[in-house]
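Engineer: Chain residues, written in single-letter form:
2 protein chains.
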Amino acid sequence: MNKEKDSLGKIIPNLFNYKEEINLESGKKIKSFEMIYETYGQLNDSKSNAILICHALSGSHHSAGYYDGDSKPGWWNGLIGPSKAIDTNKYFVVSPNNLGGCHGSTGPSSVNPETGKIYGPDFPVLTVEDWVNTQALLADHLGIDIWHAVIGGSLGGMQALQWSISYPDRIMKSCVIAAASKLSAQNIAFNEVARQAITTDPDFHGGNYLSSNSSPKSGLRLARMVGHITYLSDESMKEKFGRDLKEEKLGFGFGADFQVESYLRHQGDSFSGSFDANTYLLMTKILDYFDPASKNNGDLVKTLGPIKANTLIISFTTDWRFSSARSEELVNGFIGAGKRVNYLNIESKLGHDSFLFPEKRYVEAINSFLNSK
Amino acid sequence: MNKEKDSLGKIIPNLFNYKEEINLESGKKIKSFEMIYETYGQLNDSKSNAILICHALSGSHHSAGYYDGDSKPGWWNGLIGPSKAIDTNKYFVVSPNNLGGCHGSTGPSSVNPETGKIYGPDFPVLTVEDWVNTQALLADHLGIDIWHAVIGGSLGGMQALQWSISYPDRIMKSCVIAAASKLSAQNIAFNEVARQAITTDPDFHGGNYLSSNSSPKSGLRLARMVGHITYLSDESMKEKFGRDLKEEKLGFGFGADFQVESYLRHQGDSFSGSFDANTYLLMTKILDYFDPASKNNGDLVKTLGPIKANTLIISFTTDWRFSSARSEELVNGFIGAGKRVNYLNIESKLGHDSFLFPEKRYVEAINSFLNSK
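Chains as they are written, first to last, in the working numbering: chain B, 1 to 373; chain U, 1 to 373.
One chain only, chain B, in its complex shape (with noise of 0.2 angstroms):
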C-alpha cells in the first residue's frame, strides 16, 4: 500500500451545473454552465477554512492526490496535501477546472446547448474577472462566503489578485505566485506565435476541427515547444542538458542531434495528444487580456484600493517569463496603495516552472503565510 497515493483518499472529481445565464466582460452570455472542481480535506463547520485553488494554462481541477491507477498525481500534488504547503489536514482545498478549459469544464468543445453543435471558434473569449466571477458562483454553491485564501501560480496567480480586486469582502488571504499585473510585449509576443503557430495549421479548419473530425496537432504542438521554453530558465535546461547529444556523433542531418531537441519534440507530441486547440487559444488570449489597472487609465495603485486581503508576493530568480521584477512592480503598487503585502523573490533554478516544485523555502512561506492570524 502507497501510503502517498493513499494520503488524500479516493479523488474523484465533481460537478457544478450552473443553469442560469451569465454575463461576461465582453458584453456576451452564456446560457448555462458546468464546472468540473476536485476537494482535498474537510470543510469545517464556519466554512472557514476553504481555499481556492487556480490553475494556470495547461492546468486543471486535478491538482493533488492520485486517480484509480494513475502513477502520476495531480499537478500541483507537491504542494498540496497532508501536512504540505497547502496542508489538507487544516484546509479545505476547492480546485476547479476554468470555465473554457478541456478537462470537463464548458469550453470550446462542448456543446453549445442554445446550437445543439459544438462551440469550437464561437466559444467566447473569457477574462480572468469572467472566471473569477463563475468561480464565485461554484464558492456559493458549496456555501463559502469566504475563501480562507485563494493561490495560484502564473496564470493562476492573476486569478488570486483579481479575486482581492473583485471580491475584497470574500477572501482573508491572496497568494500570488510567479505572476505579473499584466502581461509584456515580449510575453504576448510569444502567445502570439503559439496561437499563429494553431491558427495555420491546415487542420485548424477556422476552429472547427472536432467537426471536421480532424485536429491541429502540428500547430498545438509547435506553440507547446516555444511555450515550454520559456518555462524553463536557460539554467536548467544547461544543467538537464548542456549540448548532450543524442547519439555519438553529431547527424550531419535534420535529426534531433542534442537531447535538448528531443526533450521539446516529447513535450510537444504529449500535449498535443491530450489537449484542445481552442482552448489553448483561449487561455492565451485569457493572459494578454490580464490588465485590471487598465480599467483605471493605467492606475495601479487605484486599482488595488479596493483590497482588503492579506497579500502573499512570491517570484523566482530565474524566471524570465514572469521575472522578479514584474512582481516587484506589483508590490510597489500594494505599497503605494496601503495594503498589506508580503513578498519573497525565491533562489531557484527551475525558471518559470518553479513554482510547480515544493523548494524548502517556498513551502514554508506559503504554509506560514496561510497558518497566520
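Hints are supplied without guarantee of correctness; some may be wrong.
If we take Cβ atoms under 7 angstroms as the criterion, some of the chain U residues that face chain B in the derived model are [stated by the list, open to error]:
hint: 1; residue: Pro-202
hint: 2; residue: Gly-206
hint: 3; residue: Ser-218
hint: 4; residue: Val-226
hint: 5; residue: Ser-236
hint: 6; residue: Leu-250
hint: 7; residue: Val-260
hint: 8; residue: Val-363
Calculated cross-link-like contacts (lysine-lysine; reagent style DSS-like; alpha-carbon spacing at most 25 angstroms) [unchecked claim]:
hint: 9; chain 1: B; residue 1: Lys-349; chain 2: B; residue 2: Lys-246
hint: 10; chain 1: B; residue 1: Lys-90; chain 2: B; residue 2: Lys-360
hint: 11; chain 1: U; residue 1: Lys-246; chain 2: B; residue 2: Lys-240
hint: 12; chain 1: U; residue 1: Lys-3; chain 2: U; residue 2: Lys-360
hint: 13; chain 1: B; residue 1: Lys-295; chain 2: U; residue 2: Lys-295
hint: 14; chain 1: U; residue 1: Lys-217; chain 2: B; residue 2: Lys-217
hint: 15; chain 1: B; residue 1: Lys-302; chain 2: U; residue 2: Lys-238
hint: 16; chain 1: U; residue 1: Lys-249; chain 2: B; residue 2: Lys-295
hint: 17; chain 1: U; residue 1: Lys-295; chain 2: B; residue 2: Lys-246
hint: 18; chain 1: B; residue 1: Lys-10; chain 2: B; residue 2: Lys-72
hint: 19; chain 1: U; residue 1: Lys-117; chain 2: U; residue 2: Lys-217
hint: 20; chain 1: U; residue 1: Lys-28; chain 2: U; residue 2: Lys-295
hint: 21; chain 1: U; residue 1: Lys-238; chain 2: U; residue 2: Lys-249
hint: 22; chain 1: B; residue 1: Lys-28; chain 2: U; residue 2: Lys-249
These are computed hints drawn from the structure, not numbers from a lab. No experiment lies behind these values; they were computed from the predicted model shown. Every residue, glycine too, gets a C-beta built ideally from N, C-alpha and C.
Could you slot chain U onto chain B? The hints should help.
Structural biologist: Just chain U, lined up with the frame of chain B:
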C-alpha cells in the same frame, strides 16, 4: 542627387566560380560552387587593407550601399562606408554570401551539377569551418593572403572567431560581435522550434517543395516570428509597442489586438516571401553545430591556442540571445590562452539586434580597433 546613396558608387555583385571539388566537415564533397560577393573601397597595392564581412543567419552579401532604384541599403550600411566604423576610404571590404545561402551563392535552391536537379534537402549540412574554408578560397581568388580583419556579428562573429583559429597566419584582427563560442541548450531549443515549424508544414514536402511547386511559407513565417522575438530585448519591445492596441478596444476574438502582434505577423510574412526554407534549416544547424572547443574535449583555452590575431569581443547589455556572460566566457578563454583580447560590453536597449545599428561607442570601438597598430 542623394550623397549617401552614391557614397559607395554603383553596387554590383561579383560571382566567384570555384570549379574544383571541396571536402566538407561532414565527410561529404561538393563538386564545385559559386559564391556571390560584393566589395566596397579599393584594395591597396600591398593587398594589406582587406576586411572580410561575415553575415549572420539571414544576411547576405549585400551589406552596404544601395542597388539602383532601391530605397533600402545593405544590412550593415550603418557601419560600412566612407568615414563609418568600417571605413571604405581606408579599407577594401569583401562581403560574400555564404555557401548554402539563398542570395546567389550555391545552396539548397541551386541545381546540383551532378544530378541536374535542385539540391533541396540533399544539400549537405555545412559547418562554420566549411564556410571559413570556402571564404579562404575566395581570398585566394582575390589575391588576399592576409585579411587586415575579419568581422561579424552573431553567427558572423562565430566565423570571425573560426577564422582566427583555422587560419592564424591569414588574419591580423578578428572582431567577434554578439556571439558565443557555442550555443546554449536554450539557443538550440529555439532553433529546433523554428526547424519543426518548417519541416511539419505540409507544404515542405520533405524539403522538395521547389520541385513540388510549393513553399512552406507558414512554417518559415513562424520560424521567423519566434526568431525575431529573440533578436529584440524585452525593453525594446516595451518601448516600441508596450501594450498598445491596434484598435481602440480589445476585439474579444483571435485577430491581432496588440501592435506587437501585427508587427510580428508582418515580419513573418515579409521574410517568408523572400527566404529559402532549406537555407533557413541549414543556417540554424550551422549555429547549433558551432563549438570549436568540442575538438579539444571542450577545452576552450587549448582551442584558442593557435590564434595570432588581435581580437575585439563586443557584447550588448540587453542581448539575451547571446548575453554578455557568453562573451565573457570567450574573453576568459582568450585570457587563459594568453592572447591579445579587447572586450567591450555596450549599453544598448536593442537586444541582439544592437549589432546592426551604429551606436556611437560601438562605431568608435570598431574604428579604433581597425586603425590600431
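Engineer: Take the hints in turn and mark each one as holding or not.
Structural biologist: Each hint tested on the structure:
For Pro-202(U), the shortest C-beta to C-beta distance to chain B is roughly 6 angstroms, which falls under 7 angstroms, so the interface hint holds. Look at Gly-206(U): its Cβ only gets to about 10 angstroms from chain B, farther than 7 angstroms, so that hint breaks. Nearest Cβ of chain B to the Cβ of Ser-218(U): about 5 angstroms, under the 7 angstroms cut. The hint holds. Checking Val-226(U) against chain B by beta carbon gives a least distance of about 5 angstroms; that is within 7 angstroms, so the hint holds.
The restraint placing Ser-236(U) at the interface with chain B is violated, with a minimum CB-CB distance near 9 angstroms, outside the 7 angstroms limit. Annotation: Leu-250(U) was flagged as interfacial toward chain B, and the flag holds, the nearest CB pair being 6 angstroms apart, inside 7 angstroms. Hint on Val-260(U) holds. Least Cβ distance to chain B is approximately 4 angstroms, under the 7 angstroms limit. Given hint, Val-363(U) at the interface with chain B, is violated; its Cβ is 28 angstroms from that chain's nearest Cβ, farther than 7 angstroms.
Distance hint between Lys-349(B) and Lys-246(B) is fulfilled; the C-alpha atoms sit about 24 angstroms from each other, no more than 25 angstroms. A hinted pair counts as satisfied when its Cα atoms are at most 25 angstroms apart, and Lys-90(B) with Lys-360(B) qualifies at roughly 20 angstroms. The suggested pairing of Lys-246(U) with Lys-240(B) is violated, with an alpha-carbon distance near 40 angstroms, which exceeds 25 angstroms. At roughly 21 angstroms between alpha-carbon atoms, Lys-3(U) and Lys-360(U) fall within 25 angstroms of each other, so this suggested pair holds.
The hinted pair formed by Lys-295(B) and Lys-295(U) fails the criterion: a straight-line CA distance of about 58 angstroms is larger than 25 angstroms. Taking the CA atoms of Lys-217(U) and Lys-217(B), the gap is near 18 angstroms; set against the 25 angstroms cutoff, the hint holds. Simply put, Lys-302(B) and Lys-238(U) have alpha-carbon atoms about 23 angstroms apart, close enough for the 25 angstroms limit, and the pair holds. For the suggested pair Lys-249(U) and Lys-295(B), the alpha carbons sit about 12 angstroms apart, so the restraint of at most 25 angstroms is met.
With a C-alpha separation of about 18 angstroms, the suggested pairing of Lys-295(U) with Lys-246(B) holds against the 25 angstroms cut-off. At most 25 angstroms may separate the alpha-carbon atoms for a hinted pair to count; Lys-10(B) and Lys-72(B) meet this at roughly 14 angstroms. Distance hint between Lys-117(U) and Lys-217(U) is fulfilled; the C-alpha atoms sit about 22 angstroms from each other, no more than 25 angstroms. Simply put, Lys-28(U) and Lys-295(U) have alpha-carbon atoms about 19 angstroms apart, close enough for the 25 angstroms limit, and the pair holds.
With a C-alpha separation of about 19 angstroms, the suggested pairing of Lys-238(U) with Lys-249(U) holds against the 25 angstroms cut-off. Distance restraint check for Lys-28(B) and Lys-249(U): the Cα-Cα separation of roughly 15 angstroms lies within the 25 angstroms cut-off, and the hinted pair is therefore satisfied.
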